[in-house]
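Based on the provided sequences and hints, a complete structural model is requested.
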Amino acid sequence: MKSTLYSLAAVWVLAAGTLPATAAAADEVNLYSARKEELIKPLLDRFTEETGIRVNLVTGKADALLKRLQSEGRNTPADLLITTDAGRLHRARQAGLTQPVESAELQAAVPATYREPSGHWYGLSLRARPIFYARERVNADELTRYEDLADPKWKGRICIRSSGNIYNQSLVASMIAHGGEAQSEAWARGLVANLARTPKGGDRDQIKAAAAGECDLAVANTYYFGGMLAGKDPAQREAASKMAIIWPNQGDRGTHVNVSGAAVTAHARNRENAIRLLEFLVRPESQSWYAEVNYEYPVRAGVAWSALLDQWGTFKADSLNLGQLGINNAKAVMLMDRAGWK
Amino acid sequence: MEIASHAKEKSRTGHRPSLWRAGVLLSALLLALPILVVFGYLFVPAGDVWQHLVDTVLADYLDNSLRLVVGVALGVLLLGIPTAWVTTVYEFPGRRLFEWALLLPLAIPAYIIAYTYTGLLEFAGPVQTLLRELTGWSARDYLLPDVRSLGGAVVMLSLVLYPYVYMMARASFLGQSLSTLEAGRVLGAGPWRVFFHITLPLARPAVVTGLSLALMETLADYGTVQYFGIATFTTGIFRTWFGLDDSAAAAQLAALLMSLVFLLILLEHYSRRRLRFFQTGGRYRHLQRLPLVGIRKWSVFTLCLLPLLFGFLIPSGQLLIWALSIAEETLDLRFLALVGNSLLLAALASLLTLALAIFLGYGRRLYPSRAMTFAVRLSAMGYAIPGTVIAVGVMIPFAWIDNRLDAWLRETLDLSSGLLLSGTLFILLFAYAVRFLAVALQSVESGLARVTPNMDDAARSLGEPPLGVLRKVHLPIMRGALFSALLLVFVDVLKELPATLILRPFNFNTLAVRAYELASDERLADSSVAALTIVAVGVVPVILLSRAVSRSGGRDAESA
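The listed protein sequences correspond, in order, to chains A and B. Each residue of the first sequence is one higher than the one before, counting from 19 in the numbering used here. Each residue of the second sequence is one higher than the one before, counting from 99 in the numbering used here.
Careful: at least some of the hints might be erroneous.
[Said to hold, decoys possible] Output of the computed footprint for chain B on chain A, the stretches with three or more beta carbons under 8 Å from beta carbons of chain B:
no.	segment
1	54-61
2	79-86
3	342-355
[What the hints assert, rightly or not] Here are a few chain A residues that sit away from chain B, every Cβ distance over 10 Å (derived from the structure):
no.	residue
4	D45
5	Q117
6	E123
7	T131
8	R153
9	V156
10	A158
11	E160
12	L161
13	P170
14	D234
15	N267
16	P302
17	V321
Think of the hints as simulated: they come from the structure by calculation, not from any bench. Nothing here was measured: the structure is a model prediction, and the numbers come from that model. For every residue, glycine included, the Cβ atom is placed at its ideal position computed from N, Cα and C.
So, in structure tokens, the structure goes:
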């Protein structure tokens with residue numbers, strides 16, 4: 019009885035497990051995605067509907083997917099890698115996991131700062147990380163730059179999540195690129211001294227804490243704010259309504275942005291399909307989908323934003339090439355360790 | 099007698115003993131592969147990153163991890179032992195319900211309970227809102243301790259992990275020879291005196307086993323500490339590995355963590371070695387439970403209600419409230435597929451893990467030696483290691499083998515085998531086995547310990563080979579323990595996230611993956627349907643488990 023169970027199990031494992039791997043020749047494209055299923059699958063379904071190309075998907079954390087890609091080597095089934103930040107794309111490129119793609123359509127759609135110069139990766143949507151303030155207690159003109167967060171007048175009034183988070187790492191990496199390490203470290207120390215509480219929770223938690231009065235300023239990505247404002251939870255809607263956005267550094271380098279982007283893998287077997295999918299993802303309809311569904315900004319200029327995004331107004335984004343975020347990432351983490359940013 | 103039977107067996111079965119031994123050692127080695135991969139990184143020079151860690155954050159990691167472990171140890175002992183004791187010896191309202199219900203928190207993943215309590219207790223959550231409405235206070239008039247703190251993490255983990263101690267302690271209390279307890283009573287010792295002087299010392303090995311499982315899981319926890327912003331070894335490993343992009347330094351952190359775990363295991367082993375008891379008599383009778391009255395009755399009732407209330411009823415109630423608000427949007431065919439995948443994985447993984455645990459556990463009993471013990475202990479360390487580390491430790495060697503095989507086939511036969519092992523569910527099942535072997539092995543070994551060596555000898559001297567003894571003597575006696583092992587691994591796989599996330603094949607999702615994707619996007623309410631389903635599916639094996647525990651005491655299930 020037990021042995022039949024085992025053999026049944028073995029047959030099932032082999033059957034279920036090997037099928038997708040051997041079916042690589044069909045008209046399909048295989049995707050490793052750090053974007054959650056909810057935030058990519060609908061677009062992929064549209065792509066399949068339009069082209070008849072089947073998209074196979076594994077979602078996961080970017081770092082783990084990178085490791086998987088790396089250890090699978092030239093036998094990897096993955097054709098396309100999607101991440102939610104530029105740092106990981108840079109790392110994939112450094113590890114030789116990507117290949118350059120020449121495409122007039124991609125180059126026309128994606129501005130130069132949001133893609134790798136030789137075409138190893140392309141940004142698909144923009145994620146801005148501005149400062150949020152509690153309307154009741156702060157005036158919008160009280161601060162204008164990220165650098166102001168280190169000003170002692172904000173002592174005990176700032177909420178930001180842990181330095182383990184990639185968006186904080188990228189923010190600091192961008193500051194290193196602009197102002198150097200020493201200056202950024204001094205800033206980080208000032209910021210840590212101003213924190214209202216030990217960093218904990220996610221971006222929404224920072225906005226909620228500020229709305230609740232635990233602090234007056236919060237740093238967070240805009241799409242979380244959008245998710246709170248437009249979501250179903252009345253408590254979150256109410257919290258978000260007490261907060262507003264300050265676009266930092268409008269007088270100089272611009273507000274820090276990151277991209278969710280994609281790279282064709284070095285050993286892609288369905289290279290053409292992967293490029294077609296990439297091109298599909300930067301088409302205007304797909305681009306406005308990011309804004310409607312997840313309140314991200316399109317990378318493509320001239321694409322309509324959602325009503326909510328329009329309401330927040332336009333802003334000048336940092337024009338740093340995002341590859342710099344990857345280059346400076348380790349430095350940023352060490353700097354935050356030294357500054358005591360938990 | 100002993101010598102005679104061994105000599106006889108050797109002459110009859112040729113070199114079978116060495117085959118067993120080699121088989122066990124080999125499988126143990128294979129299961130230890132991910133751990134060895136991590137230790138292998140120790141030989142890669144770590145450069146200045148290690149120095150950086152020592153200068154800045156290492157003390158924090160150590161400090162927090164130790165506090166967490168000590169806190170959870172106290173928590174699970176305080177919640178697990180008294181409840182196990184009172185449900186064994188007293189009669190009070192709800193006792194029969196508590197017997198199994200106290201295991202329920204086991205079905206709730208730690209990160210889910212953490213998210214749930216955060217939602218309940220945060221500023222805009224129902225508790226604080228009610229408080230403000232009742233008192234008329236505003237935000238700055240009161241100060242509540244924040245659940246997202248080290249203390250909060252200790253409470254969260256204790257609430258979902260105490261069932262390990264409860265279960266093991268209860269099985270031990272039930273299995274203790276009644277004559278011992280009754281002798282104590284007849285001599286005039288009250289129940290508490292009997293407890294502290296007879297029962298607890300006898301149950302120590304079992305309690306330590308439960309405790310070590312709880313603590314290993316604590317050390318491996320990533321979801322809770324990460325969400326609460328506590329810097330521990332686990333979060334440190336990820337930060338170093340991915341943030342600093344230094345696998346060598348991360349592996350050194352992991353190796354340090356594993357050394358701590360190894361110390362724990364040695365301690366447990368030591369405590370067991372000194373207390374090796376085999377039940378000799380077969381005289382098990384109903385223990386006459388002492389009926390309680392008055393205030394004592396209700397205080398014991400409360401004692402049992404509290405862990406159940408906070409560890410299960412409140413969090414699953416909150417999940418239910420969230421789930422009801424969105425259920426119609428989520429419940430569709432795709433959701434059913436998630437349930438199917440989760441069940442299938444859990445079933446296959448638990449069978450595989452149990453088979454391995456029997457093989458290793460029995461092999462070690464047959465041929466006890468230092469090398470054997472070491473190999474088996476090493477292979478069971480996976481339980482204390484974060485799932486992501488295990489997953490990568492599994493992926494690297496298997497992908498390497500796959501690629502080698504593929505390259506060889508390409509050269510010689512001009513064929514490509516692709517990723518034979520690492521591209522399939524096989525690797526995921528293997529990773530589960532590595533991660534959860536300890537759970538199955540603990541049950542199997544405690545089951546084996548119930549079989550007196552005399553029985554082995556008797557069967558062997560009657561001409562039965564080791565495998566036959568296992569099948570005809572051990573397995574039937576151990577049925578309860580094996581069933582427990584199966585169910586424990588089943589529930590653990592159901593809850594498992596990180597390894598599933600990394601190693602699963604294309605288009606294959608589970609409930610845990612679904613719950614995580616939404617929860618990590620800070621959409622707690624949306625994740626609740628999947629989370630609640632994990633709990634609901636996990637409750638069934640947990641109830642079966644508690645029955646197995648009642649039976650494993652050597653008595654029939656309560657019929658009265």
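| Non-conforming hints, listed in increasing numerical order | none
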